[in-house]
Amino acid sequence: MTYYSTILETIGNTPLVEVSQLSPNPSVRIFAKLEGVNPGGSVKDRVALSMVTEAENQGILSPGKTLIEPSSGNTGIGLAMVSRIKGYKLKVVLPANVSIERRQLLQVWGAEIIDSPAKEGSNGAVRKAQRLSKENPDYVFLYQYGNPGNPKAHFEGTGPEIWKDCPQITHFVSGLGTSGTLMGVGKFLKEQDPSIQVWAIEPPAGEVVDGLRSLEDGYIPPIFFDNNGEDLLDRKTVIGPKESIEWTRKLIDVGIFAGISSGTAMAGAARCAASIKEGSIVFVAPDGGWKYLSTGAWTEDIDVVTERARHTIYF
Amino acid sequence: MSVEVRLPTLLRPHVGGNSSLEVEGNTVGQVIDQMVSIYPDLEGQIITPNGDLHKFINIYLNDDDIRYLDKLDTKLNAGDTISILPAVAGGL
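Note that the protein sequences, when read in sequence, are chains P and V.
When the count follows my numbering, it moves up by one through the first sequence with no breaks and lands on 315 for the last residue.
When the count follows my numbering, it moves up by one through the second sequence with no breaks and lands on 1092 for the last residue.
Looking at chain P on its own, in the form it has when it is part of the complex (with noise of 0.2 Å):
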């Protein structure tokens, strides 16, 4: 191929890179997968395209039409990219309390953005999607929470291209949001061989919970359900922000500048390599650094970072 008719054709196939040299372990390996590289900048990119083409192709989704989505910024600016290509209104719901560069993003590819409070979170951005698309019946709502689409990308994306690259792969390490990458990996992995360990990384709950008035308002995504992730994951760890951004200035000293997130889930792979014996880790790095450098990840006084950190949705 001597070029892409697209550039959507450039997502996904991203590079596997080895930083053993930060295993704590010396007899483990461990691999990143860089989904920074992705044209839109994050592995979103994969779960957009194909959400997107499953409502084409189930004529749900035609020139014109308007989307909702609620995102704290990557989905949104993946499907911001995706609608600004195929000619589709878009509307993002985003929580007040993301980075600048992901509100800015999304202003680049067009995108509306319709602010939900900052005490409320992802859950608030979820609920008031929800409400709006129910008052709007004719915008197009992907919901990428519940859309088979999300972690099918990662079954026939992501999954094959690490077992590709890696076949000595023993533990897939990766964030949990709406827990697409972890299903769809996963699952595909598991099927290959039943013994490779899927460890699924969050950050701490932080000042969300404390804003729930009941149980009955928690939220878990209902791909999660679907895939039957509990008995699909083999771990789940939380990684403060310290921590998540001490790993992402690491990062930097093996040439890899990505996002906040995949400090956390490197953070995850060393925890993961210093509890087994030998093996190999694979780990997603969803996006790279370009979005954060205003958060001061990597310049500022840790302490100082890690407190704004705690106040803003960098995962």
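No false leads were mixed into what you were given.
Some chain P residues flagged as far from chain V (calculated, every beta-carbon gap over 10 Å):
id: 1; residue: Thr2
id: 2; residue: Arg84
id: 3; residue: Ile85
id: 4; residue: Arg249
id: 5; residue: Ile276
id: 6; residue: Asp301
Sample of chain V residues with no beta-carbon within 12 Å of chain P, all distances over it, derived:
id: 7; residue: Glu1004
id: 8; residue: Val1015
id: 9; residue: Ser1020
id: 10; residue: Glu1022
id: 11; residue: Glu1024
id: 12; residue: Gly1029
id: 13; residue: Val1036
id: 14; residue: Ser1037
id: 15; residue: Asp1080
Just the calculated beta-carbon pair ranges, DEER-fashion:
id: 16; chain 1: V; residue 1: Glu1024; chain 2: P; residue 2: Glu278; range: 35 to 43 Å
id: 17; chain 1: V; residue 1: Ser1037; chain 2: P; residue 2: Gly255; range: 54 to 62 Å
id: 18; chain 1: P; residue 1: Gly64; chain 2: V; residue 2: Asp1041; range: 52 to 60 Å
id: 19; chain 1: P; residue 1: Gly87; chain 2: V; residue 2: Gly1016; range: 56 to 64 Å
id: 20; chain 1: V; residue 1: Gly1079; chain 2: P; residue 2: Arg249; range: 24 to 32 Å
id: 21; chain 1: P; residue 1: Ile302; chain 2: V; residue 2: Asp1041; range: 40 to 48 Å
Calculated from the structure, these hints are not laboratory results.
None of these values were measured; they are calculated from a predicted model.
All C-beta atoms, glycine included, are put in the ideal place defined by N, C-alpha and C.
Use these hints to put chain V onto chain P, whose structure you have.
This is chain V only, laid out in the frame that chain P set:
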């Protein structure tokens, strides 16, 4: 053995407003049972009537979700911290 149990805001009214408690037990399940016997208002809030963990409750032993350890049978060591948290939507 007693361990520290941290509680989310929405469960604090059931335990006299405390944000954390020192509770006796050798497994996570024993600790929860002990808490419920001291604070009967917690009945049904963490464990459902058929003995399962409430679907919107996550319990962490230090940093690990006990659903992927030995669930309520997960054994405790001195100095462990148990955190009880409601499930919320993650980043996206």
